[in-house]
Amino acid sequence: GAVVSQHPSRVICKSGTSVKIECRSLDFQATTMFWYRQFPKQSLMLMATSNEGSKATYEQGVEKDKFLINHASLTLSTLTVTSAHPEDSSFYICSAKHNLWNTIYFGEGSWLTVV
Amino acid sequence: GENVEQHPSTLSVQEGDSAVIKCTYSDSASNYFPWYKQELGKGPQLIIDIRSNVGEKKDQRIAVTLNKTAKHFSLHITETQPEDSAVYFCAASIRQAGTALIFGKGTTLSVSS
Chain S
56 GAVVSQHPSR VICKSGTSVK IECRSLDFQA TTMFWYRQFP KQSLMLMATS NEGSKATYEQ
116 GVEKDKFLIN HASLTLSTLT VTSAHPEDSS FYICSAKHNL WNTIYFGEGS WLTVV
Chain F
8 GENVEQHPST LSVQEGDSAV IKCTYSDSAS NYFPWYKQEL GKGPQLIIDI RSNVGEKKDQ
68 RIAVTLNKTA KHFSLHITET QPEDSAVYFC AASIRQAGTA LIFGKGTTLS VSS
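In order, the protein sequence lines correspond to chains S and F. Anchor point for the first sequence: position 25 equals 80 in this note's numbering, and the numbering is continuous, going up by one each time. Anchor point for the second sequence: position 18 equals 25 in this note's numbering, and the numbering is continuous, going up by one each time.
Any given hint could be a false lead.
[Unchecked claim] Taking lysine-lysine pairs in the DSSO-like style, the calculated list, with each CA pair at most 27 angstroms apart, reads:
hint, chain 1, residue 1, chain 2, residue 2
1, F, K49, S, K121
2, S, K119, F, K112
3, S, K96, F, K49
4, S, K96, F, K44
5, S, K96, S, K110
6, F, K78, S, K96
7, S, K96, S, K75
8, S, K119, S, K75
9, S, K119, F, K29
10, S, K69, F, K49
11, F, K112, S, K121
12, S, K119, F, K49
13, S, K75, F, K49
14, F, K112, S, K69
Honestly, the hints are just simulated from the structure, not real lab data. Predicted model, so just to flag it, every value in this text is computed and none were measured.
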C-alpha cells in the first residue's frame with residue numbers, strides 16, 4: 056500500500072524559533088500534497104495545498120509567511136512554522152495524492168508544542 | 008467552497024449493534040467521498056470511499072451509501088466491536104481536479120461491551 060511518512064512525530068520548540076515538519080510519500084509520487092491542522096477534539100482544517108515546483112495555495116486566514124511550505128520534489132513537502140508561538144501548538148497532518156491512483160493518503164501527523 | 012456537515016457528533020452503541028453516521032455536502036461538483044477513522048494521537052486512516060457513479064459500496068462490516076440528489080452520504084458499521092471505537096470523519100472532494108478533502112466535524116463512536 057501507499058505510505059506517507061511525517062517527521063518528526065513530536066517536537067517541542069521555544070517561542071520565537073522555527074520548526075520544520077517533513078512529509079514524504081515513501082513508495083509513490085505525489086505532485087499534490089495537503090497540509091492540515093487539527094486542534095484537540097476538532098476536525099482537520101485545511102491549511103494549504105502544495106504542488107511540486109510551484110507556490111502553495113493557502114486557505115483563507117492562514118498566514119503564508121508564518122507557515123512556509125516547500126514542495127521541491129515529487130516525494131517531499133515541508134512545512135516550516137516560523138517564529139513559533141504557543142498558540143501554534145497543534146497536531147499537523149499532511150496528505151499526499153497518489154499520482155497514478157488519484158487516492159489521497161495521510162501521514163501519521165506531527166505534534167508541535169511551543170513553550 | 009465545499010462545506011460538509013456530519014451527524015451525530017457522538018454515538019454510543021452496545022457491542023454487536025449497528026452504527027450509522029450521516030454527512031451532507033454542499034458542492035454538487037464533489038464526486039469523491041471517503042471515510043476516515045482516527046484514533047487518538049494518530050493520523051486518519053481511510054476505511055472506505057465511494058465515488059459519485061456508485062450508490063453503495065460494502066467492505067465486510069462497513070458500508071457507505073450515497074444519494075447524489077440529496078447530497079447525502081452515510082457510513083454504516085454492522086456488528087460493532089470495541090475496537091471500532093474511534094473518531095470517524097467523512098470528507099468530500101472533486102477527485103479529478105485534485106482538490107483537497109474537506110472534512111466533516113467528526114463523530115466520536117464509543118462501542119461498549
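Taking the hints in turn, this is what the structure says about them:
no. : hint            : result
1   : K49/F / K121/S  : holds (25 angstroms)
2   : K119/S / K112/F : holds (25 angstroms)
3   : K96/S / K49/F   : holds (12 angstroms)
4   : K96/S / K44/F   : holds (14 angstroms)
5   : K96/S / K110/S  : violated (31 angstroms)
6   : K78/F / K96/S   : holds (26 angstroms)
7   : K96/S / K75/S   : holds (24 angstroms)
8   : K119/S / K75/S  : holds (14 angstroms)
9   : K119/S / K29/F  : violated (34 angstroms)
10  : K69/S / K49/F   : holds (24 angstroms)
11  : K112/F / K121/S : holds (25 angstroms)
12  : K119/S / K49/F  : holds (26 angstroms)
13  : K75/S / K49/F   : holds (19 angstroms)
14  : K112/F / K69/S  : violated (31 angstroms)
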